[in-house]
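Enquirer: With the sequences and hints as input, model every part of the structure.
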Amino acid sequence: MKSDLQISQETELKPIIEIAEKINITYDDLELYGKYKAKINFSKIKQLKKKTKGHLILVTSINPTPAGEGKSTVTVGLGDALNKINKKAVIALREPSLGPVMGIKGGAAGGGYAQVLPMEEINLHFTGDMHAITAANNALSAFLDNHIHQGNELNIDARRVIWKRVVDLNDRELRKVIVGLGGPVQGIPREDGFDITVASEIMAILCLARDIDDLKARLARIVVAYTFDRKPVTAGDLKVEGALTLLLKEAIKPNLVQTIYGTPAFVHGGPFANIAHGCNSVLATEIALNLGDYVVTEAGFGADLGGEKFLDIKVPNLKKAPDVIVIVATVRALKMHGGTTKDQLKIENLEALKNGFGNLKRHIQNMKNYRIPVVVAINEFVTDTKAELSLLEQLCKEQGVIAKRTSVWERGADGGVELAKAVVETIDDQQADYHPLYHLEDTIEEKIAAIVKHIYGGKGVVFSKKAENQIKEFIANGWDKLPVCMAKTQYSFSDDPTLLGAPEGFTVTIREFVPKLGAGFIVALTGEVMTMPGLPKKPAALNMDVTSDGEVIGLF
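Position 316 (the sequence shown) corresponds to 316 in this note's numbering; numbering is contiguous.
I should point out that these hints are in silico values taken from the structure, not numbers from a laboratory.
Ideal Cβ placement from N, Cα and C applies to all residues, glycine included.
Check each hint, because a few of them may be wrong.
[To be verified] Restraint ranges, calculated between C-beta atoms of paired labels, are given here:
1. Ile162 with Gly34: 38 to 44 Å
2. Gln430 with Arg160: 46 to 52 Å
3. Gly182 with Gly505: 48 to 54 Å
[What the hints assert, rightly or not] Subject to a maximum C-alpha distance of 25 Å in a straight line, what follows is the list of computed BS3-like cross-link-like pairs (lysine-lysine):
4. Lys2 with Lys538
5. Lys87 with Lys404
6. Lys319 with Lys88
7. Lys320 with Lys53
8. Lys368 with Lys354
9. Lys361 with Lys386
10. Lys249 with Lys239
11. Lys459 with Lys354
12. Lys87 with Lys49
13. Lys459 with Lys472
14. Lys88 with Lys320
Expert: Below, the structure is given as structure tokens:
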């Protein structure tokens, strides 16, 4: 069996100019990054904003397990399959982070014969967007610390600096650090820490900004610290939003690449869905909608995280709701949710599948509550039995949703044709009537309670003393009318990663909040979720190398 990397390297890529021509983008509209990657320039972006939008297809999934779900693979394969049945389709994905690439999770470029290419470059440095975001984030840290060192005109309390530095790697040693050691010349000593780049507010801002002016305004609103009398200090107070925008002026332009089958794909932005809002950029999605009749996009992790955040955070910024939601599930993963251990997945177990179906059932009900039609994509594995696949299809039918098998990893576009037909038919036959989960006028407590009760299936919320005090502070500052971005484990509906399936009767604990005014939401940290992941005992990087000819080895 060939690896994803082998399949990628054996594919003959078309020049990106040819891919662009498929969606009426000319050479003059592009800024080339070699032969196979390009960014869309500002003049074309402005022109496209005036066009009519196509149909939007959101791909999400059940809660992930070590058995694998293949959400990005299905997203890419569905886009290819739509083009195969003569629908003009464009794909919009997030950029991979070096942290998971070098760690354990892997990239976000799909797999098998459903990949975006050039896979090696997309998974590594790509067009430098991640590095630009890292640089802008850390420049803000430098400007902030320099201001304190150079007289502290804004009266900033160094004990109340909340802005962290970032690096696009999993590095647990950097979670908590002390900076400014070495005497007066080296700065003011204080406790600091690092997040992973994809958790940076600047990443979220880049993905939600509609243009350069909006980007600059959002950057100015970033809260970095508090004064000695507890007043918030912003990047705008430091007068550095212009410099930060300058560092991001290329990164905000969406990246155009291609799939194995030559489907145009915009890969832009990469916030994690368990600690950020988990969606690709509004700008890339909007451009794709104005170039294709059907746009296939995905949101990170399960529908309880990326799916909910897409619908409650991205949609109001995009001003376009999905016409249909595709939920990816596998027999293997559902059996794990039903109690099967990983080493027993190859054995037929209808009882475990039926028990684990509760996880998918809740996701189906949750997405339907937004009044958007749902289709289930059963991502097939060779170990699935006919009885298991038939049972899963029947269980989905009982929930009133169409379930179609897909084998795009193995068969590419051909393996997604039935799913593509079902998606088109659903869009044609069922009218979406998007309805948000909560209203911005609701209190912070009411918003979180709505998510916990109506998405997670929990019975209530517990707030730490710190979180309670922060809510009072946010109300006083007028920040309580922002949406809430939940930072929660991806493995469970609850904040306990060991509670698989569809647990009930649990409470979710909010340990603290992080105001992200530039992004336009408040992050609620739950359980033990961390904003800087660590590496596993045997990182994937141990298998990676490069030959003397520059050929990548062991990426995936």
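Enquirer: Of all the hints given earlier, name the ones this structure violates by number, lowest first.
Expert: Of the numbered hints, all hold.
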